[in-house]
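Asker: Take a look at the letters that make up each chain.
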Amino acid sequence: MLKVQNVKKSFGTNEVLKGVSFEVDKGDVVAVLGASGSGKTTLLRCLEFFERADSGHMELGDLSVDLHVHSKKTARQIRQKTAFVFQNYNLFENKTALENISLGLTAGHGLSKKEAEKIAAAALERVGLSDRADYYPCELSGGQQQRIGIARAVAVNPDVIFFDEPTSALDPELVGEVLDTIKALAKEGTTMVIITHEMAFARDVSTKVIYMDGGVIVEQGPPDVIFTKPREERTRKFLARFIQDFDYVI
Amino acid sequence: MRTVEVEKVKYFFIESLPYLRVTLLYVTVSLVIGFMIGAGIVCLRKSRIKILAAIASLYVTVLRCTPSIVLLFLVYYGLPAMLGGRVGDALNRMSPVFFVCITFSLFIGASSSEVIRSAYESLRAGQREAGLSVGMTELQTFWFILLPQMVKRAIPNIGNMIIFLMKEGALAYTIGLRDVLGQAYYLSARSINVYAVDMYLALTLIYWPVSLAIEKLFHILEKKMDPAKARRSLRKLSGGVA
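Residue numbers (numbering that gives the first Met the number 0), protein chains in the order written: chain A, 0 to 249; chain B, 0 to 241.
Calculated from the structure, these hints are not laboratory results.
Any given hint might turn out to be false.
Capping the alpha-carbon separation at 30 Å, the derived lysine-lysine pairs in DSS-like fashion look like this [what the hints assert, rightly or not]:
id: 1; chain 1: A; residue 1: K94; chain 2: B; residue 2: K215
id: 2; chain 1: A; residue 1: K17; chain 2: A; residue 2: K71
id: 3; chain 1: B; residue 1: K45; chain 2: A; residue 2: K94
id: 4; chain 1: B; residue 1: K45; chain 2: A; residue 2: K72
id: 5; chain 1: B; residue 1: K223; chain 2: A; residue 2: K112
id: 6; chain 1: A; residue 1: K112; chain 2: B; residue 2: K222
id: 7; chain 1: B; residue 1: K223; chain 2: A; residue 2: K94
id: 8; chain 1: A; residue 1: K7; chain 2: A; residue 2: K17
id: 9; chain 1: B; residue 1: K223; chain 2: A; residue 2: K117
id: 10; chain 1: A; residue 1: K94; chain 2: B; residue 2: K151
id: 11; chain 1: A; residue 1: K2; chain 2: A; residue 2: K17
id: 12; chain 1: B; residue 1: K45; chain 2: A; residue 2: K71
id: 13; chain 1: A; residue 1: K80; chain 2: A; residue 2: K94
id: 14; chain 1: B; residue 1: K222; chain 2: A; residue 2: K94
id: 15; chain 1: A; residue 1: K182; chain 2: A; residue 2: K236
id: 16; chain 1: A; residue 1: K186; chain 2: A; residue 2: K80
id: 17; chain 1: A; residue 1: K7; chain 2: B; residue 2: K49
Chain A extracted, bound-state conformation (with noise of 0.2 Å):
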């Protein structure tokens, strides 16, 4: 379902992605593991045009796109079939939870007014919120803030969500809450591409796993595999790491 082939992109002289090309399928979860500056989130910015790819090809259903060479218009649509949720949530600061969720819809998707506000509420309910709907941003705490960024990415049926690192910049007693509804999303079939540090939890809720290093993807597979007998040095030496107390080589 989604297609991704040879991105590259450089900043000056520093070669962030090194054509990198992954596959997801409908119902997939991907975990992207990797140290900081192996190139992931870099990847998904390029998948989101937040950044503009020095090369790539990008397949998204029945789209095809240039990761260069792009208009805005097409730009907008892959990003009307894609959602994207932040390390630092990024929620609208001057709109309460539930306008933060419903905004997209109305201006993003143009629907109505009503249908927009049914769809929101439904999503806070998703994402255990429902008694927050009026508070704004600031009133919340990391943990709920993020599970709105997530209600807001999930309530525009995106054919891909993609997380970056959604519970790094969180307290460590909130990361279990955003974690448990990331669980449910992916229970419920939701496609998802995570980059995350959280190794129980890719082990636990990925399809596939994809390891990065050096702005290129060094192994993929799924989960079990990758966790329990790496094929390549490199992911060895990360995931030992990790999980120095880990029960990985079973």
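Given chain A, put chain B in place with the hints provided.
Answerer: Chain B in isolation, oriented as in the chain A frame:
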């Protein structure tokens, strides 16, 4: 020595007060046009064409370093002379308030560009991306998300600008503007400035309350613009039940 006569103060006060409408006129016009210029300057400074960005920066620097009375004279005497011919003649027949509006629009253009820029930059870039990610256009994102927050952040500065304009406008009596001060000077001159102290006292009695009122108004406006804050204080009032 002569003491202040309450009757005279009252006379100056009552006779000058209606001319607040002139003040109101040039303050409003200068703010509106000034902010348009300011928005243009911000766009130019952000533009990729280096020369345009440089010109916009230069404009801001030059205007900030020019005393208002100098610019006022340059506009009032300089502009018609520079343009000459028919246009110059036409300009010469314009009322002083016209030139005051031009002068202060130019000033507000420079200072508001800084206000707009800082309001814009204080917003997290992420909100723009979030708007785009749910399928909104750049324009929708700006209109629904960024602009309202920029206005909110700019409000204290707009209040300051209005007070600044009101006071700086007093200088404009030098080119014959009949605002509050101009009118008071005119009346005072008719009595060969014998009652100058009474006049200044009357002026103070006009400027102070108006400035205070504007300050208060903008405080209220600032609070009103922050619904979360407004509601929090409401919750406190109703016994802290969230």
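Asker: Which constraints among the numbered hints does this structure fail? Numbers only, ascending.
Answerer: Structure breaks no hint.
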